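In the order they appear, the protein sequences are chains A, B and C. Count along the first sequence from 1, then add 1; that gives the number in the working numbering. Count along the second sequence from 1, then add 1; that gives the number in the working numbering. Count along the third sequence from 1, then add 148; that gives the number in the working numbering.
Just so you know, not all the hints are guaranteed correct.
Here are the simulated DSS-like pairs of lysine-lysine, each with C-alpha atoms no more than 27 Å apart in a straight line [as the list claims (entries may be wrong)]: (1) C:Lys404 <-> C:Lys321; (2) A:Lys132 <-> B:Lys189; (3) C:Lys295 <-> B:Lys76; (4) B:Lys111 <-> C:Lys321; (5) B:Lys180 <-> B:Lys158; (6) C:Lys346 <-> A:Lys54; (7) C:Lys295 <-> A:Lys64; (8) B:Lys153 <-> B:Lys117; (9) B:Lys158 <-> A:Lys180; (10) C:Lys295 <-> B:Lys54; (11) B:Lys164 <-> C:Lys321; (12) A:Lys54 <-> B:Lys180.
Don't read these hints as lab results, they were simulated from the structure. All values derive from a computational prediction rather than experimental measurement.
In case you want the letters, here they are:
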Amino acid sequence: MTEPETEQPENEVVAETEAIEQEPAERQVRSAAEVMAIAEAIIFVSDEPITSKALAEILDEHKDTIQAAVEELQKEYEERGGGLQIREIAGGWQIATRTEYHEEVRRFLKTRPSAKLSLAALETLAVIAYKQPVTVPEILEIRGVQSASAIKTLLEKRLIVTKGHKETVGRPMQYGTSKDFLIQFGLKDLSDLPSIEDFEDLAGTAL
Amino acid sequence: MTEPETEQPENEVVAETEAIEQEPAERQVRSAAEVMAIAEAIIFVSDEPITSKALAEILDEHKDTIQAAVEELQKEYEERGGGLQIREIAGGWQIATRTEYHEEVRRFLKTRPSAKLSLAALETLAVIAYKQPVTVPEILEIRGVQSASAIKTLLEKRLIVTKGHKETVGRPMQYGTSKDFLIQFGLKDLSDLPSIEDFEDLAGTAL
Amino acid sequence: MQETVEQFVFDFHKETAEIVGESKDEIKLKLGEFAGPLDLLLYLIKQEQANIFDIPIAKITDEYLRYIRLMKSLDIAMAADFLVMAATLIEIKSRMLLPRDPMAAGEEEEFEDPRKELVDQLLEYEKFKSAAQMLYERSTVEQAVFKRGQIESDENNAEINASVFDLLTVFQKIVLRHKEQVTMEIEREEISLADMIKALKKRIFDEIELNLLTFFEEMHTRRELVTAFIAVLEIVRTEHVKLVQKTTFGDIFLKKVNAPAAEPAGS
Numbered sequence: 002m003t004e005p006e007t008e009q010p011e012n013e014v015v016a017e018t019e020a021i022e023q024e025p026a027e028r029q030v031r032s033a034a035e036v037m038a039i040a041e042a043i044i045f046v047s048d049e050p051i052t053s054k055a056l057a058e059i060l061d062e063h064k065d066t067i068q069a070a071v072e073e074l075q076k077e078y079e080e081r082g083g084g085l086q087i088r089e090i091a092g093g094w095q096i097a098t099r100t101e102y103h104e105e106v107r108r109f110l111k112t113r114p115s116a117k118l119s120l121a122a123l124e125t126l127a128v129i130a131y132k133q134p135v136t137v138p139e140i141l142e143i144r145g146v147q148s149a150s151a152i153k154t155l156l157e158k159r160l161i162v163t164k165g166h167k168e169t170v171g172r173p174m175q176y177g178t179s180k181d182f183l184i185q186f187g188l189k190d191l192s193d194l195p196s197i198e199d200f201e202d203l204a205g206t207a208l
Numbered sequence: 002m003t004e005p006e007t008e009q010p011e012n013e014v015v016a017e018t019e020a021i022e023q024e025p026a027e028r029q030v031r032s033a034a035e036v037m038a039i040a041e042a043i044i045f046v047s048d049e050p051i052t053s054k055a056l057a058e059i060l061d062e063h064k065d066t067i068q069a070a071v072e073e074l075q076k077e078y079e080e081r082g083g084g085l086q087i088r089e090i091a092g093g094w095q096i097a098t099r100t101e102y103h104e105e106v107r108r109f110l111k112t113r114p115s116a117k118l119s120l121a122a123l124e125t126l127a128v129i130a131y132k133q134p135v136t137v138p139e140i141l142e143i144r145g146v147q148s149a150s151a152i153k154t155l156l157e158k159r160l161i162v163t164k165g166h167k168e169t170v171g172r173p174m175q176y177g178t179s180k181d182f183l184i185q186f187g188l189k190d191l192s193d194l195p196s197i198e199d200f201e202d203l204a205g206t207a208l
Numbered sequence: 149m150q151e152t153v154e155q156f157v158f159d160f161h162k163e164t165a166e167i168v169g170e171s172k173d174e175i176k177l178k179l180g181e182f183a184g185p186l187d188l189l190l191y192l193i194k195q196e197q198a199n200i201f202d203i204p205i206a207k208i209t210d211e212y213l214r215y216i217r218l219m220k221s222l223d224i225a226m227a228a229d230f231l232v233m234a235a236t237l238i239e240i241k242s243r244m245l246l247p248r249d250p251m252a253a254g255e256e257e258e259f260e261d262p263r264k265e266l267v268d269q270l271l272e273y274e275k276f277k278s279a280a281q282m283l284y285e286r287s288t289v290e291q292a293v294f295k296r297g298q299i300e301s302d303e304n305n306a307e308i309n310a311s312v313f314d315l316l317t318v319f320q321k322i323v324l325r326h327k328e329q330v331t332m333e334i335e336r337e338e339i340s341l342a343d344m345i346k347a348l349k350k351r352i353f354d355e356i357e358l359n360l361l362t363f364f365e366e367m368h369t370r371r372e373l374v375t376a377f378i379a380v381l382e383i384v385r386t387e388h389v390k391l392v393q394k395t396t397f398g399d400i401f402l403k404k405v406n407a408p409a410a411e412p413a414g415s
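Just chain A, same shape as in the assembly (with noise of 0.2 Å):
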């Protein structure tokens, strides 16, 4: 029974489920301000990102309202320059730390930094981001070598997900990167990609 004061407040938040069915029709008029505060509260207990259009939703506000909103707030965080950031991923919004003090932070949480992955698992990931949905011959053609346990690395680690068989003989399954790449990776959306074009003139000079 460790500081049970800690508890009350978070049951506040998680359980009480009852219906809030009170004024769903009610319109509330919000100030700016007001829109800010309440994106800057439910980005902070959102387990994921959070879009703008969930928050629209939720907030029963313009989506524009929100989004211009959420991109307010986030300059006032970048201008208060404290610990913390917006930041917009997988399509989301959400709260993290700023990277300038990952080392006091990992020094509280105690770990180093983890997850590096194999190179032919970051290779295996690179095809796959660039060509999905892509089977494993095709990954095969462009690695020169068999991807397999680096494909089954990534399925566990939720970096990438199957998307369905393609429809040609044998009818093998294909793959794609998972929203869990984007979050781990920083990236808004697929197309926050660099363009593979990008690395073609990198290939031929960096030899």
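Following the hints, complete the assembly by docking chains B and C onto the known chain A.
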């Protein structure tokens, strides 16, 4: 013979939660703003309210310096009037949403999609997906445990539907997966469900 | 033509590893860095400071084969793909040695460089290698960013965000479990629930954390398994013990906690 080179670095990935021993001595000189920012970041990532003393130890600063910094931070949050506050709870500091917005926060926590399944529900779903149409006694036979509450959950989440009675003794109800199941798991149709063979090549390991 | 024949009867075992000046471990380390035959090939080309569009194929092939032999001599298990590439290189090398057919090689018909396909493959591969590097850098930055701590008892719920892959994996596990149960149904003294809970408690307190799968695997009969399962539910409900899953979809562990245990997963 498949990719032995991937195995070794991948193991590297999993655990690695040993404490970090680097540079405990090198005392950094930080500005008051930096101390505030780092304290904010650590309070944010902490699961439980964190004391000034604990913060002081991590940052290798004097407890009074920390206490003053966090109090300043708390004042800043107060003046900002955003959606969050810094609270002193159980002798420690914690970031929490402001009570003013509890209604919206609750509404969010209540409505957020819970695509998550317990292991029991997932197991039951797997049996139903691969063995449909299937009855409760048949599921019991396979899982070795009663699955009644899991089935209820799956019905509530609309992942499974009833598929009529089975024409045997007692005419037990049969279950199968729903259209929502296909949508949630990104399947075109049931034939799109991966088979054991689809993953067999993946390192040929025990799936 | 003599050389050509020689290349095709190439014997790995006859050759001796020639790389000197490096300890076994260092080489091993170095070799371990190659993600595949194309990776190794790019490395060798870079080493030779050769132009990728005009690969000195004889030299590179020799180098490549030397590495392969070295791997063999060091007993490094090698992907078959490394050998496939060796064969490809040897084949290109031999084709390069063939005199051009004066009849076919007219001005209008361009001479097809035997290296072309390989070069294309290398260039394509190199792009993804760079992309992998980019991903690596991104993940490094991302690892310097932390999300807020738990504000709810999510962790205690041991819930799983499932994919189709999980579904199949779980199904396979159940089937396996079921099979074992059937084969293990032999007569045995039954253990009571109270004894099971006692035994389980002791295990958790002795071992701090207990892999559930391991624990269940120790059961000999189906009834024992059911008793064990109920014991786990009971212990999670009444004791300061929680179910944790370290890696998503990894094994589930029973762990002693100081905080009050939450309700068992509400299946």
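Hint check:
no.: 1; hint: C:Lys404 <-> C:Lys321; verdict: holds, 26 Å
no.: 2; hint: A:Lys132 <-> B:Lys189; verdict: holds, 20 Å
no.: 3; hint: C:Lys295 <-> B:Lys76; verdict: holds, 23 Å
no.: 4; hint: B:Lys111 <-> C:Lys321; verdict: violated, 33 Å
no.: 5; hint: B:Lys180 <-> B:Lys158; verdict: holds, 12 Å
no.: 6; hint: C:Lys346 <-> A:Lys54; verdict: violated, 52 Å
no.: 7; hint: C:Lys295 <-> A:Lys64; verdict: holds, 25 Å
no.: 8; hint: B:Lys153 <-> B:Lys117; verdict: holds, 15 Å
no.: 9; hint: B:Lys158 <-> A:Lys180; verdict: holds, 21 Å
no.: 10; hint: C:Lys295 <-> B:Lys54; verdict: holds, 23 Å
no.: 11; hint: B:Lys164 <-> C:Lys321; verdict: holds, 26 Å
no.: 12; hint: A:Lys54 <-> B:Lys180; verdict: holds, 25 Å
In terms of the numbered hints stated before, the structure departs from hints 4 and 6, listed from lowest to highest.
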